[in-house]
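Next come the chains, spelled out residue by residue.
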Amino acid sequence: MSMHLKVALVDDDIPNTEVLRDFLIRNGYSHVDKYHDGESFLESLDRFDERAVVLDFDLSGGGDLNGLEVLEAIKERSPSTHVIFFSGQDSLEVAVESLKNGADDYIVKSNASFALVKTSLDKVYDLQVLRTSEKRSQRVSLILAIGWVTTLAVVAYFLAGS
Amino acid sequence: MEIIERLSAGDPEKKKYYIRLFLDTMEPELVNLRGADITAHQEPIRAILHKLKSQVQTIGAKDAHALMAEQEQCIKEGGRIEQEELERTCQALSDLIENLQELLK
Chain A
1 MSMHLKVALV DDDIPNTEVL RDFLIRNGYS HVDKYHDGES FLESLDRFDE RAVVLDFDLS
61 GGGDLNGLEV LEAIKERSPS THVIFFSGQD SLEVAVESLK NGADDYIVKS NASFALVKTS
121 LDKVYDLQVL RTSEKRSQRV SLILAIGWVT TLAVVAYFLA GS
Chain B
163 MEIIERLSAG DPEKKKYYIR LFLDTMEPEL VNLRGADITA HQEPIRAILH KLKSQVQTIG
223 AKDAHALMAE QEQCIKEGGR IEQEELERTC QALSDLIENL QELLK
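Chains A and B, in that order, are what the protein sequence lines are. At position 44 of the first sequence (counting the first as 1) the number is 44 in our numbering, and the numbers step up by one without a gap. To convert, take the position in the second sequence, counting from 1, and add 162; that gives our numbering.
To be clear, the hints were calculated from the coordinates, so they are not data collected in a lab. Accuracy of the hints is not assured; some may be wrong.
Unchecked claim - Keeping only pairs whose Cα atoms sit at most 25 Å apart, straight-line, the calculated DSS-like set for lysine-lysine is:
id, chain 1, residue 1, chain 2, residue 2
1, A, K34, B, K177
2, B, K224, A, K118
3, B, K176, A, K118
4, B, K238, B, K177
With the hints as constraints, model all of the structure from the sequences given.
So this is what it looks like as structure tokens:
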């Protein structure tokens, strides 16, 4: 099944990012971008960015910003962007801080972590599908309401004229 | 190696591509670890161990991963690692690199 959710991987670990990207592509995520530092990712971020971001905490091999600083900048610029923290830091403090600052999930890198990232992205995808269908049904309700009001207005007009 | 085996799905060239990717990071970092000044501030050593830790885990080298995780944690908590401990890590990494290089032949 192909997922219509775009994903951005932000991690200074080049080989693992490449392997994770291929893993996600193989599991249905056809659009996966990769960035090896927070700065280049933030340059690519726009206000209505629809990508889900898988973000490492320790980005010291790439740039000056750490994952929490990147998360803060993402939430400032594009609050609706989903962020999954993916870190080698098994630290409660970092986990709490990231979730407090709006991360959707916190995954510690382990043997099973690629599968966990996929599961977390699947949840984000399901949420997006749900929101899209909610918006669609709201739009349909609005169109129906306008239709009814228009019909009533026309009927009232003719009744008033007769 | 399970994830790499699965992703390369029997394609030997793809498998070699992944192995080269890991070697490209591991080989220079082994040189950096061997050249690290153990008597100085150990944060640069911690940063290398942190980086390598995830990679050796993906490769499936459990012992090397455990060693690196333990030493990274020690430095993170303000402790210091000794020369012999660092040498053990370098040896584990060197063995792993050798195994990976064998797979490329």
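Now the hints, each set against the structure:
For a cut-off of 25 Å, the pair hint linking A:K34 to B:K177 stands: about 20 Å separates their Cα positions. Distance restraint check for B:K224 and A:K118: the Cα-Cα separation of roughly 23 Å lies within the 25 Å cut-off, and the hinted pair is therefore satisfied. A hinted pair counts as satisfied when its Cα atoms are at most 25 Å apart, and B:K176 with A:K118 qualifies at roughly 22 Å. The hinted pair formed by B:K238 and B:K177 fails the criterion: a straight-line CA distance of about 34 Å is larger than 25 Å.
Comparing the model with each earlier hint shows a violation of hint 4 alone; every other hint is respected.
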